[in-house]
Amino acid sequence: AQSVTQLGSHVSVSEGALVLLRCNYSSSVPPYLFWYVQYPNQGLQLLLKYTSAATLVKGINGFEAEFKKSETSFHLTKPSAHMSDAAEYFCAVRDAGNMLTFGGGTRLMVKP
Amino acid sequence: EPEVTQTPSHQVTQMGQEVILRCVPISNHLYFYWYRQILGQKVEFLVSFYNNEISEKSEIFDDQFSVERPDGSNFTLKIRSTKLEDSAMYFCASRTVTNYEQYFGPGTRLTVT
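Listed in order, the protein sequences are those of chains A and B. Sequential numbering of the first sequence, starting at 638, is according to the working numbering. Sequential numbering of the second sequence, starting at 4, is according to the working numbering.
The shape of chain A in the complex, shown without the other chains (with noise of 0.2 Å):
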């Protein structure tokens, strides 16, 4: 079976510094990686999803997220953080049967 462990249940940052969230996964199949950002009281929006095409991908918000096979990460980051970048972020990872297995979730908080 899947599975997604995302390292640090809380991250902080300062505004304008380098944001990084990290995500492992397993995947007995090709994966279909995702990252989601859940604002406070309000549902999960797609942030960037990796398809088995470029390793690099971008995604809204100036984020973007590397995968790399060898190490079976997908980690998340963004080069300057924005106090509205406040959230919690899901890393998941699309099962064979096509539902999405979720990490933990990494709450980011953005000092000023």
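No lab work stands behind these hints: they were computed from the structure. Some hints could be false.
Covered stretches of chain B, as calculated for chain A (at least 3 residues, CB under 8 Å) [said to hold, decoys possible]:
#: 1; region: 40-53
#: 2; region: 99-107
Residues of chain B placed beyond 12 Å of chain A at every Cβ, according to the derived structure [claimed, not checked]:
#: 3; residue: 16
#: 4; residue: 17
#: 5; residue: 20
#: 6; residue: 23
#: 7; residue: 30
#: 8; residue: 37
#: 9; residue: 59
#: 10; residue: 61
#: 11; residue: 71
#: 12; residue: 73
#: 13; residue: 74
#: 14; residue: 83
#: 15; residue: 92
#: 16; residue: 96
#: 17; residue: 112
#: 18; residue: 114
Just so it is clear, the structure is predicted and the values come from calculations on it, not from any experiment. Every residue gets a Cβ at the ideal spot worked out from N, C-alpha and C, and that includes glycine.
With chain A's structure known, arrange chain B on it following the hints.
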């Protein structure tokens, strides 16, 4: 931009009562899903639905749960006899046949007292 919508946004019910959570998926989507997120825990898959039948379900989706597409637009999750541990945020999602990207609704917060 098309969106998945869910009603109600918040439902409070007493233990043992039946609840129906409603979702309107995006109109050209044919795969539908329910997920739940217990407070402070990860988002968990419950069930997927395609071509008017369940295509996958998790261990969580036991006999007290059922899903239905009663008409051409709605997709419902019914919990027959709610338990305290059913308290969670329930998310509906949908996607097209060819695109694995799932679009999520804003969720229904279910509180069982």
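Verification of the supplied hints:
Judged by the Cβ-Cβ criterion of 8 Å, the region 40-53 of chain B is covered by chain A as claimed, because 6 of its residues qualify and three suffice. With a cut-off of 8 Å between beta carbons, the region 99-107 of chain B has 5 residues touching chain A; three or more are needed, and the interface restraint holds. No Cβ of chain A approaches the Cβ of residue 16/B within 12 Å, the least distance being about 20 Å, so the stated non-interface status holds. Every CB of chain A is more than 12 Å from the CB of residue 17/B (nearest about 24 Å), matching its label as outside the interface.
Residue 20/B, annotated as away from the interface, keeps every beta carbon of chain A farther than 12 Å; the closest lies near 25 Å. No Cβ of chain A comes within 12 Å of the Cβ of residue 23/B; the nearest lies about 19 Å off, and the non-interface call holds. For residue 30/B, the shortest C-beta to C-beta distance to chain A comes to about 18 Å, beyond the 12 Å cut-off, and the non-interface label holds. The Cβ of residue 37/B sits about 10 Å from the closest Cβ of chain A, inside the 12 Å cut-off, so the non-interface label is violated.
Residue placement check: residue 59/B does not keep its beta carbon more than 12 Å from all beta carbons of chain A (closest about 4 Å). Consistency note on residue 61/B: stated as away from chain A, yet its beta-carbon is not over 12 Å from all of that chain's, at 8 Å minimum. The non-interface label for residue 71/B is consistent with chain A: the shortest C-beta to C-beta separation is roughly 19 Å, beyond 12 Å. Consistency note on residue 73/B: stated as away from chain A, and its beta-carbon is indeed over 12 Å from all of that chain's, at 22 Å minimum.
At roughly 23 Å from the closest C-beta of chain A, the C-beta of residue 74/B stays outside 12 Å, upholding its exclusion from the interface. Listed as outside the interface, residue 83/B is consistent with that label: its C-beta sits roughly 22 Å from the nearest C-beta of chain A, beyond the 12 Å cut-off. The claim that residue 92/B lies off the interface is violated: its Cβ sits roughly 9 Å from the closest Cβ of chain A, which falls inside the 12 Å cut-off. Distance check for residue 96/B against chain A: the nearest CB is about 8 Å away, which does not clear 12 Å, and the non-interface claim fails.
With a minimum CB-CB distance of about 9 Å to chain A, residue 112/B fails to clear the 12 Å threshold, and the non-interface call is violated. The beta carbon of residue 114/B sits about 14 Å from the closest Cβ of chain A, which is more than 12 Å, so the claim that it is off the interface holds.
The earlier numbered hints that this structure contradicts are 8, 9, 10, 15, 16, 17.
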